[in-house]
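S.K.: Okay, here's what each chain looks like letter by letter:
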Amino acid sequence: AQKVTQAQTEISVVEKEDVTLDCVYETRDTTYYLFWYKQPPSGELVFLIRRNSFDEQNEISGRYSWNFQKSTSSFNFTITASQVVDSAVYFCALIRNAGGTSYGKLTFGQGTILTVHP
Amino acid sequence: EAGVTQSPTHLIKTRGQQATLRCSPISGHTSVYWYQQALGLGLQFLLWYDEGEERNRGNFPPRFSGRQFPNYSSELNVNALELEDSALYLCASSLGLVSQPQHFGDGTRLSIL
Numbered sequence: 039a040q041k042v043t044q045a046q047t048e049i050s051v052v053e054k055e056d057v058t059l060d061c062v063y064e065t066r067d068t069t070y071y072l073f074w075y076k077q078p079p080s081g082e083l084v085f086l087i088r089r090n091s092f093d094e095q096n097e098i099s100g101r102y103s104w105n106f107q108k109s110t111s112s113f114n115f116t117i118t119a120s121q122v123v124d125s126a127v128y129f130c131a132l133i134r135n136a137g138g139t140s141y142g143k144l145t146f147g148q149g150t151i152l153t154v155h156p
Numbered sequence: 393e394a395g396v397t398q399s400p401t402h403l404i405k406t407r408g409q410q411a412t413l414r415c416s417p418i419s420g421h422t423s424v425y426w427y428q429q430a431l432g433l434g435l436q437f438l439l440w441y442d443e444g445e446e447r448n449r450g451n452f453p454p455r456f457s458g459r460q461f462p463n464y465s466s467e468l469n470v471n472a473l474e475l476e477d478s479a480l481y482l483c484a485s486s487l488g489l490v491s492q493p494q495h496f497g498d499g500t501r502l503s504i505l
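The listed protein sequences correspond, in order, to chains P and Y.
FYI, in our numbering the residues of the first sequence are 39 to 156.
FYI, in our numbering the residues of the second sequence are 393 to 505.
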């Protein structure tokens, strides 16, 4: 079975601070995909990034960056120079690239509530 | 491009009633997924439909059911509603491959009185 753990329940920062959201996962599969989603107060889950298990290259998109380390089963997300608009719940998720009872199912972490104060 | 649309936004029912939630996927997407986000329980996978067929379902009782129509839109039906069914129900769509990102709608907030 798959499991995703986001140990940080809530994080509070002041605008312009950098913040890292941690994600640790468990899976027996060798091929899988990892995702980050943002859920603003409106409720919609917004897709941020996908990473496959064979691609450990880090990625940067504007103020967002992701660090994937297969050796530690971690997929951490850093926001540089945070802004009030970054306030949301952030979810890390995993999906296996194979059949079985988990086929097609995104396994989510419990989410991290990020509050950025002005 | 229109995103995933869900209706209604809010739904209020009483115990024992039946609820129907609707979802229209992004144009070109053949897969529709349903998730339940209940307070304190996180996001739980409910159902996956692709090309009109149910491909997988999560650990939910049979009173949770659904279908996918030829135009790829989907309905989620919940029978014999119970208080613990109160949750945000999120629909997502994708291109049908598990590697493709699932794109979510705004959800339907179901409240059971």
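The set of hints was computed from the structure by calculation and includes no laboratory data.
Certain hints may be false.
[Stated by the list, open to error] Taking lysine to any residue and the SDA-like style, the derived pairs with C-alpha atoms no more than 20 Å apart in a straight line are:
id: 1; chain 1: P; residue 1: K76; chain 2: Y; residue 2: R501
id: 2; chain 1: P; residue 1: K41; chain 2: Y; residue 2: G444
id: 3; chain 1: P; residue 1: K76; chain 2: Y; residue 2: P493
id: 4; chain 1: P; residue 1: K41; chain 2: Y; residue 2: R501
id: 5; chain 1: P; residue 1: K41; chain 2: Y; residue 2: Q436
id: 6; chain 1: P; residue 1: K76; chain 2: P; residue 2: E53
id: 7; chain 1: P; residue 1: K54; chain 2: Y; residue 2: Q436
[Said to hold, decoys possible] So these bits of chain Y aren't anywhere near chain P, every CB distance computed over 10 Å:
id: 8; residue: S423
id: 9; residue: Y427
id: 10; residue: G434
id: 11; residue: L435
id: 12; residue: R447
id: 13; residue: G450
id: 14; residue: R459
id: 15; residue: N463
id: 16; residue: E476
id: 17; residue: P493
id: 18; residue: G499
All of these numbers come straight from a predicted model, not from anything done at the bench.
Glycine included, every Cβ here is placed at the ideal spot set by N, Cα and C.
S.K.: Taking the hints in turn, state whether each one holds.
M.R.: Do the hints match the structure? See the list:
At roughly 18 Å between alpha-carbon atoms, K76 (chain P) and R501 (chain Y) fall within 20 Å of each other, so this suggested pair holds. Our distance criterion of 20 Å between C-alpha atoms is broken by K41 (chain P) and G444 (chain Y), whose separation comes to about 29 Å. For a cut-off of 20 Å, the pair hint linking K76 (chain P) to P493 (chain Y) stands: about 13 Å separates their Cα positions. Note on K41 (chain P) and R501 (chain Y): the hinted pairing is violated, with a Cα-Cα distance of about 26 Å set against a maximum of 20 Å.
Distance restraint check for K41 (chain P) and Q436 (chain Y): the Cα-Cα separation of roughly 12 Å lies within the 20 Å cut-off, and the hinted pair is therefore satisfied. Under the criterion of a C-alpha separation no larger than 20 Å, the hint pairing K76 (chain P) with E53 (chain P) is consistent with the structure, at around 18 Å. At most 20 Å may separate the alpha-carbon atoms for a hinted pair to count; K54 (chain P) and Q436 (chain Y) exceed this at roughly 34 Å. Not every Cβ of chain P is farther than 10 Å from the Cβ of S423 (chain Y); the closest lies at roughly 7 Å, contradicting the non-interface assignment.
Not every Cβ of chain P is farther than 10 Å from the Cβ of Y427 (chain Y); the closest lies at roughly 8 Å, contradicting the non-interface assignment. Not every CB of chain P lies more than 10 Å from the CB of G434 (chain Y), the least distance being 5 Å, so the non-interface label is violated. L435 (chain Y), annotated as away from the interface, has a beta carbon of chain P within 10 Å; the closest lies near 4 Å. With a minimum CB-CB distance of about 6 Å to chain P, R447 (chain Y) fails to clear the 10 Å threshold, and the non-interface call is violated.
Against chain P, the non-interface label of G450 (chain Y) is violated: not every CB pair exceeds 10 Å, the least being about 7 Å. With a closest Cβ-Cβ approach of about 16 Å to chain P, R459 (chain Y) is found to remain outside the 10 Å limit, as its non-interface label requires. The claim that N463 (chain Y) is not at the interface with chain P holds, since no C-beta of that chain comes within 10 Å of its own (minimum 20 Å). A cut-off of 10 Å between C-beta atoms confirms that E476 (chain Y) is not in contact with chain P; the least separation is 18 Å.
A cut-off of 10 Å between C-beta atoms contradicts the statement that P493 (chain Y) is not in contact with chain P; the least separation is 5 Å. The beta carbon of G499 (chain Y) sits about 5 Å from the closest Cβ of chain P, which is not more than 10 Å, so the claim that it is off the interface is violated.
Hints 2, 4, 7, 8, 9, 10, 11, 12, 13, 17 and 18 from the list above are not met by this structure, while the remaining hints are.
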